[in-house]
Amino acid sequence: MKILVCISNVPDTTTKVKFKEDNTLFDDSGVQWIINPWDELALTRALELKEDAGNSVDEVCVIHVGGTQTDATLRKALAIGADKAIRIDGYPADAYYVAGQIAAYLKENPFDIVFSGIESSDYNGSSVGAMIAEFMDYSGVSSVSQVNIDKDELILYRAIPGGKQKIKTEVPLVAVVQKGIATEPRIPSMRGIMMARKKPLEVKAAVEMEILTKSVKFDLPETKGACKMIDSEHVEQLVELLKNEAKVL
Amino acid sequence: MSVIAFAKNWNGKFKNSTYELVSYTKNLADQLNTKLIVVSIGEVNNDDLKNLGKYGAERIISVNDPKMNILTSQVYAQVISEIAKMEGASAIVLSDNESGKAIAPRLSVKMKAGMASAVLELPISLNPFVVKKSTFSGKAFGHVQIDSPVKIISIAKNCFGLVENQVDVLIEEFSPHLDASLFKIQVLEEEKQTNKVDLADADIVVSAGRGMRSPDNWGVVEDLAEELGAATACSRPVSDEGWRGHEEHVGQTGKVIAPNLYFAAGISGAIQHVAGISRSKCIVAINTDPEAPIFGVADYGIIGDVMEVLPKLTEAIRNSK
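Protein chains in written order, with the working numbering: chain Z, 11 to 259; chain R, 173 to 493.
Some hints here could point you the wrong way.
[Stated by the list, open to error] Listed below are the simulated BS3-like cross-link pairs for lysine-lysine, each with C-alpha atoms no more than 30 Å apart in a straight line: (1) Z:LYS238 - R:LYS453; (2) R:LYS484 - Z:LYS257; (3) R:LYS427 - Z:LYS257; (4) Z:LYS257 - R:LYS356; (5) Z:LYS30 - R:LYS453; (6) R:LYS356 - Z:LYS117; (7) Z:LYS60 - R:LYS484; (8) Z:LYS227 - Z:LYS26.
Calculated directly from the structure, the hints in this document are not laboratory data.
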């Protein structure tokens, strides 16, 4: 069984977001780039499944749509343990374009399971994974917090309002994964970093694909007024303010 | 022409977020000078469907089939797109929740329609069609232009509120032709947290962090939450340590929430945590460290030990009722 993990290259989660050119473009000066946190957890779980002798996962690859500047992120995925990285050489203009590129690759190189993080921490589209499922006419499950393989059957947990559902489904499948899928992301070891240099990083040309949306402008949230401090000995004042001033109680 | 709202039920019932969805989409349909059609999939009784009329749902197309009670995104997207094509929809609106995230992207591909998720307001402009959405996990807003003839958006919770607009409801049954092979998901078990307020729907959230010092101290958090009818939540280190479940983690990589009132108890306020709560209407911070960054984003603050302040607060709220 082969697992493909979709990787997005995003600013580190501590990044203070800034924009340039009249707030039309993200200002990436000084930004540290990382693997999107949910994709990193998905990769971790895929590797755990491969290491588990009880199932038949024998290959874990990562795929990404972007330019050469994102190769460092793909090398990190290889250092963590992915067998192969694929970079589709195109500008990830919107989710439809990205999903279409990955689906075009999948049509020529089938995988049994595709993992995609529930969203990317930059544009928060929450859509690439389910779009791939539709392009491929695969079954898809979103908000997945656990994945186990029992012979050829997949046992997943997905979030529902106020709880979770244990479900059974079959391959091929796109699982859109969220927190809980793995506990701790893996840190590349020195050996992993050395081995990553020898692993394949395949670069494929992008296919023709329409772009249906564009980001035209960004705003930053308004800064809040000063915090009103209340003496810890007089918490009833807070209750009064929440009722009569903020009107939230 | 029409605008479609997809009303997802859970166990045959609608939630406030569905009424908000209908309120929003009714307004959008009015702006576009077209009709609102609400689509409901799965078993819902007619009285519950009629409730949607309170928020402007004049015409409801109901696929009232028990086979459809389990959310199978492939099937739902198929049904909604079939109705959308039949009714000449120019926009389809969903809630930005578990079901919306599963269905909207599939609809986008099926209908070759541009999509924007976590939309925060009615469109900024209709021609071109531009919506404002949350980006960088709440650290910024993006204006997204959708250029395709059909537009798909999913709306963030609490972005519009409930707007009453009572109309007479016309319910039409619809039976789509679906291949049995599409039903590939089998639910084995369902685990529900009973007696707990669902974090995603909560108007008030009491959240706590490492400042609680031990998972054994969570009683004071739960007491306050119970007094307020609130949901409980936590910061990332707390869920990573296993003190609380991952489903309670609020922040950039956990849940992004927008309650009316958010209590941050013993939470320092790292940038990733703030990203998950910045759309809260009112934030109260309780922390021993007066320099904690959480006070920079809070509306009200108390400097003090959570173990002493929370029980006093619970009592003060009880006394004020």
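Consistency of the hints with the structure:
1. For the given pair, Z:LYS238 sits about 15 Å from R:LYS453 by alpha-carbon distance, which is consistent with the 30 Å threshold.
2. Straight-line distance between C-alpha atoms of R:LYS484 and Z:LYS257 comes to about 20 Å, which keeps the hinted pair within the 30 Å bound.
3. Simply put, R:LYS427 and Z:LYS257 have alpha-carbon atoms about 25 Å apart, close enough for the 30 Å limit, and the pair holds.
4. Our distance criterion of 30 Å between C-alpha atoms is broken by Z:LYS257 and R:LYS356, whose separation comes to about 48 Å.
5. At roughly 29 Å between alpha-carbon atoms, Z:LYS30 and R:LYS453 fall within 30 Å of each other, so this suggested pair holds.
6. A C-alpha spacing of about 21 Å is found between R:LYS356 and Z:LYS117, which places the hinted pair at or below 30 Å, so the restraint holds.
7. Of the pairs offered as hints, the one joining Z:LYS60 and R:LYS484 is violated, with about 52 Å between alpha carbons and a cut-off of 30 Å exceeded.
8. For the hint linking Z:LYS227 to Z:LYS26, the alpha-carbon distance of about 17 Å falls within 30 Å, and the restraint holds.
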